[in-house]
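Colleague: Using the sequences provided together with the hints, build the complete structure.
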Amino acid sequence: MALESKRLKFRLFSKKDKNEIITQGGSWSPLQCSVQIDTLGKECQAEGKALYTYKDFIFLCPLAMVDDILTISECGIQSVATNSFINSKIEMKKLTMGPKKCKQIHVGRGNIFCPTLNVHGDPIEVVSTEKYLGDILCNNGKLDKNIESRINKGTGRTNTIMSLLEEISFGDSYFEMAILFRNSMFINSVLSNSETLYNIESKHITKLENSDKILLTKIFSVPTTTSYEAVYLETGILPIRFILQGRRLMYYWSLLHKGKDELVKSSSTHKLNFRRKMIGLSKLMTTKKI
Numbered sequence: 157m158a159l160e161s162k163r164l165k166f167r168l169f170s171k172k173d174k175n176e177i178i179t180q181g182g183s184w185s186p187l188q189c190s191v192q193i194d195t196l197g198k199e200c201q202a203e204g205k206a207l208y209t210y211k212d213f214i215f216l217c218p219l220a221m222v223d224d225i226l227t228i229s230e231c232g233i234q235s236v237a238t239n240s241f242i243n244s245k246i247e248m249k250k251l252t253m254g255p256k257k258c259k260q261i262h263v264g265r266g267n268i269f270c271p272t273l274n275v276h277g278d279p280i281e282v283v284s285t286e287k288y289l290g291d292i293l294c295n296n297g298k299l300d301k302n303i304e305s306r307i308n309k310g311t312g313r314t315n316t317i318m319s320l321l322e323e324i325s326f327g328d329s330y331f332e333m334a335i336l337f338r339n340s341m342f343i344n345s346v347l348s349n350s351e352t353l354y355n356i357e358s359k360h361i362t363k364l365e366n367s368d369k370i371l372l373t374k375i376f377s378v379p380t381t382t383s384y385e386a387v388y389l390e391t392g393i394l395p396i397r398f399i400l401q402g403r404r405l406m407y408y409w410s411l412l413h414k415g416k417d418e419l420v421k422s423s424s425t426h427k428l429n430f431r432r433k434m435i436g437l438s439k440l441m442t443t444k445k446i
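Using this note's numbering, you'd call the opening residue of the sequence shown number 157 and step up by one each time.
Don't take each hint at face value.
[To be verified] Simulated restraints on C-beta separations: (1) S325 - M221: 42 to 50 Å; (2) Y388 - K249: 52 to 60 Å; (3) C231 - K421: 23 to 31 Å; (4) D300 - V191: 34 to 42 Å.
Keep in mind the hints are simulated off the structure, nothing from the lab.
Here a beta-carbon is modelled for each residue, glycine too, at the ideal position from N, C-alpha and C.
Modeller: What follows is the structure in structure tokens.
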């Protein structure tokens with residue numbers, strides 16, 4: 157076997173100052189991205205294009221988060237038109253989207269009329285689920301996979317909390333620190349503000365509370381048959397269902413103080429009025445039957 161050694165040649169390059177460059181990790185890069193993407197939604201509203209009509213009342217423009225874009229459209233010609241419109245606007249701004257980072261999710265049962273979209277000529281991958289900012293978006297609109305992910309996070313936080321309590325000597329403040337870790341590390345990893353937006357079911361809340369009970373069982377070294385009502389009364393902590401109710405009330409308070417022209421306020425007001433109308437019709441029908 158013949159061995160061949162190669163000598164690498166290095167060459168020094170001259171340094172040049174470039175002023176019109178914004179690095180990705182700089183302090184101005186998120187603001188610059190937000191300004192560029194925010195104008196896209198405003199242009200769609202001004203031109204009346206790439207808008208999704210919800211219940212003939214709310215017009216949804218492309219939603220943006222720093223450098224991410226989310227568009228909603230019906231399957232068929234409208235989705236193709238929206239795709240071409242967004243591509244043209246991005247190219248006019250001299251921006252480029254990564255084809256590998258773009259995903260297409262079909263919401264609904266049948267997708268025979270759902271065409272394959274593209275990004276700068278490259279086809280977009282069609283997926284059933286996608287994880288974004290810690291939340292899992294599913295094509296069926298359910299929270300089962302999202303709740304499973306939260307329970308797995310809670311299990312990891314439980315192990316972290318117990319390792320901290322065992323390795324560090326807190327003395328008489330053992331239970332105070334344990335409750336502090338539970339309220340800060342465990343609750344914030346299991347719950348987030350997304351639960352206030354979805355119709356979470358009672359079975360999901362039960363699963364989250366069971367994960368919380370496992371942590372309390374390990375903290376107090378009690379059997380699983382212990383009455384957890386006594387644990388809540390003794391420690392003064394709240395179960396997850398009441399924490400969730402408090403966060404929903406805070407979110408509703410923030411909705412009431414938003415402007416009437418904001419999208420979140422108009423959509424929530426329309427849904428609330430629609431539910432009141434349906435409840436009124438159901439009461440009228442039951443009265444007539446009586």
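Colleague: With reference to the structure, classify each hint as holding or not holding.
Modeller: Hint-by-hint comparison with the structure:
1. Restraint check, S325 to M221: a C-beta distance of roughly 44 Å satisfies the suggested window 42 to 50 Å.
2. Between Y388 and K249 the CB atoms are about 54 Å apart, so this pair conforms to the stated range of 52 to 60 Å.
3. C231 and K421 have their C-beta atoms about 29 Å apart, which keeps the hinted 23 to 31 Å range intact.
4. With their beta carbons about 38 Å apart, D300 and V191 fall inside the hinted range of 34 to 42 Å.
Comparing the model with each numbered hint stated earlier shows that all of them hold.
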